[in-house]
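Enquirer: Sequence:
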Amino acid sequence: MAFRALDPARLVDTIDTLVRRIEERFPSANLLQVAREVARVARGTSDRVVELGRPNRALRAGVWALVAGFLLVLFGMVPALRLSWQIRAGTELIQTMDALLEAVFFIGGGVLFLVTLEGRLKRGRALAALHELRALAHIVDMHQLTKDPEVLLVSGPRTASSPERTMTDFELQRYLDYSTELLALIGKVAALYSARMSDPVVLSAVDEVEELTTGLSHKIWQKIALVRVVAERKTGAAAPRLRRLGAGSSGAKARARR
Numbered sequence: 026m027a028f029r030a031l032d033p034a035r036l037v038d039t040i041d042t043l044v045r046r047i048e049e050r051f052p053s054a055n056l057l058q059v060a061r062e063v064a065r066v067a068r069g070t071s072d073r074v075v076e077l078g079r080p081n082r083a084l085r086a087g088v089w090a091l092v093a094g095f096l097l098v099l100f101g102m103v104p105a106l107r108l109s110w111q112i113r114a115g116t117e118l119i120q121t122m123d124a125l126l127e128a129v130f131f132i133g134g135g136v137l138f139l140v141t142l143e144g145r146l147k148r149g150r151a152l153a154a155l156h157e158l159r160a161l162a163h164i165v166d167m168h169q170l171t172k173d174p175e176v177l178l179v180s181g182p183r184t185a186s187s188p189e190r191t192m193t194d195f196e197l198q199r200y201l202d203y204s205t206e207l208l209a210l211i212g213k214v215a216a217l218y219s220a221r222m223s224d225p226v227v228l229s230a231v232d233e234v235e236e237l238t239t240g241l242s243h244k245i246w247q248k249i250a251l252v253r254v255v256a257e258r259k260t261g262a263a264a265p266r267l268r269r270l271g272a273g274s275s276g277a278k279a280r281a282r283r
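Quick note, the numbering used here runs 25 ahead of the 1-based positions in the sequence shown.
Simulated from the structure, these hints should not be mistaken for laboratory data. Since the model is a prediction, treat every value here as computed from it, not as a measurement. Treat the hints with care, since some could be wrong.
Pair ranges (Cβ atoms, derived) [what the hints assert, rightly or not]:
| # | residue 1 | residue 2 | range |
| --- | --- | --- | --- |
| 1 | E233 | R65 | 21 to 27 Å |
| 2 | A160 | L228 | 15 to 21 Å |
| 3 | L142 | E49 | 44 to 50 Å |
| 4 | H156 | T191 | 33 to 39 Å |
Okay, derived cross-link-like pairs now, SDA-like style, lysine to any residue, Cα gap no bigger than 25 Å in a straight line [to be verified]:
| # | residue 1 | residue 2 |
| --- | --- | --- |
| 5 | K172 | L237 |
| 6 | K244 | I164 |
| 7 | K244 | E157 |
| 8 | K172 | D224 |
| 9 | K248 | V59 |
| 10 | K172 | A185 |
| 11 | K172 | G144 |
| 12 | K244 | R150 |
| 13 | K248 | P52 |
| 14 | K172 | A250 |
| 15 | K172 | L251 |
| 16 | K259 | R199 |
| 17 | K172 | E48 |
| 18 | K259 | Q247 |
For each residue, glycine too, the CB sits at the ideal point set by N, CA and C.
Could you put the whole structure together from the sequences, leaning on the hints where they help?
Expert: Have a look at this one:
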């Protein structure tokens, strides 16, 4: 059973290890601050998914108390109503059935609203957290946008707004590699919600986050491939084959490439 579901504690440990790796390699990089924020969100997610998986007994007791009170009031009013159960014409039958159906729909809608209140509250909290993860994925992508390996292939004059290019080939590769690992781990943090919740809206949002992180990782790996071309041209031989870390790779491989 230990390998059939994501372990939140081990996932947090993997992210913390990645934070240390980035800090040791790029102590002044903004990517380090983003990684620390991902670690903070992951620790909060670990506690939040456990809480969302538990039944809210206080809310359920309150909801059923309201439903019971509403039904008691309704049945208490019935004896006070002076209804004539004698239907003399077809129009009276239609009017009576119409009023009865309206009452049933009104009462049923109110009961359904109260009964599904817990699920809707949990869904709102989960969607807000997934939106935060989606934003973090875009922030990671923003930090690697200016890390363009094409300038290693084609040199040209700088402009006043050109970003600083101070990384070596190896450092650029590691920076981009760390970015893909960070995106993969963001997708895994989102997957924690699918392990605890069966709400179709939440599951769809989790899939969207994982698709986003996978798509962004693919773009970064195109840059890593260009860095490898540069390394091959400089050495005159094929560079060691890079091991790709996609959205579904494990944290053990990430640590092995430190």
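Enquirer: All hints, please: hold or fail.
Expert: To see whether the hints hold, each was checked on the structure:
1. Between E233 and R65, the C-beta spacing of about 22 Å keeps the proposed range 21 to 27 Å intact.
2. Here the CB-CB span from A160 to L228 is close to 20 Å, well matched to the stated 15 to 21 Å.
3. In this structure the supplied range 44 to 50 Å holds for L142 paired with E49, their Cβ-Cβ distance being about 48 Å.
4. The beta-carbon spacing between H156 and T191, approximately 34 Å, falls within the hinted interval of 33 to 39 Å.
5. Using a Cα cut-off of 25 Å, the hinted pair K172 and L237 holds, with the two alpha carbons roughly 20 Å apart.
6. About 15 Å separates the Cα atoms of K244 and I164, which keeps this hinted pair within 25 Å; it holds.
7. For a cut-off of 25 Å, the pair hint linking K244 to E157 stands: about 21 Å separates their Cα positions.
8. Between K172 and D224 the CA atoms are separated by roughly 39 Å; this puts the pair beyond 25 Å, and the hint is violated.
9. Taking the CA atoms of K248 and V59, the gap is about 20 Å. The hint holds against a cut of 25 Å.
10. A C-alpha spacing of about 17 Å is found between K172 and A185, which places the hinted pair at or below 25 Å, so the restraint holds.
11. Among the hinted pairs, K172 with G144 is inconsistent with the structure: their alpha-carbon atoms are about 43 Å apart, more than 25 Å.
12. Our distance criterion of 25 Å between C-alpha atoms is broken by K244 and R150, whose separation comes to about 31 Å.
13. Straight-line distance between C-alpha atoms of K248 and P52 comes to about 22 Å, which keeps the hinted pair within the 25 Å bound.
14. The hinted pair formed by K172 and A250 meets the criterion: a straight-line CA distance of about 13 Å does not exceed 25 Å.
15. Using a Cα cut-off of 25 Å, the hinted pair K172 and L251 holds, with the two alpha carbons roughly 12 Å apart.
16. This hinted pair checks out: K259 and R199 have alpha carbons roughly 18 Å apart, not beyond 25 Å.
17. For the suggested pair K172 and E48, the alpha carbons sit about 18 Å apart, so the restraint of at most 25 Å is met.
18. Pair hint K259 plus Q247 holds up; C-alpha atoms about 19 Å apart against a cutoff of 25 Å.
Violation of the numbered hints given earlier is confined to hints 8, 11, 12; the remaining hints are satisfied by the structure.
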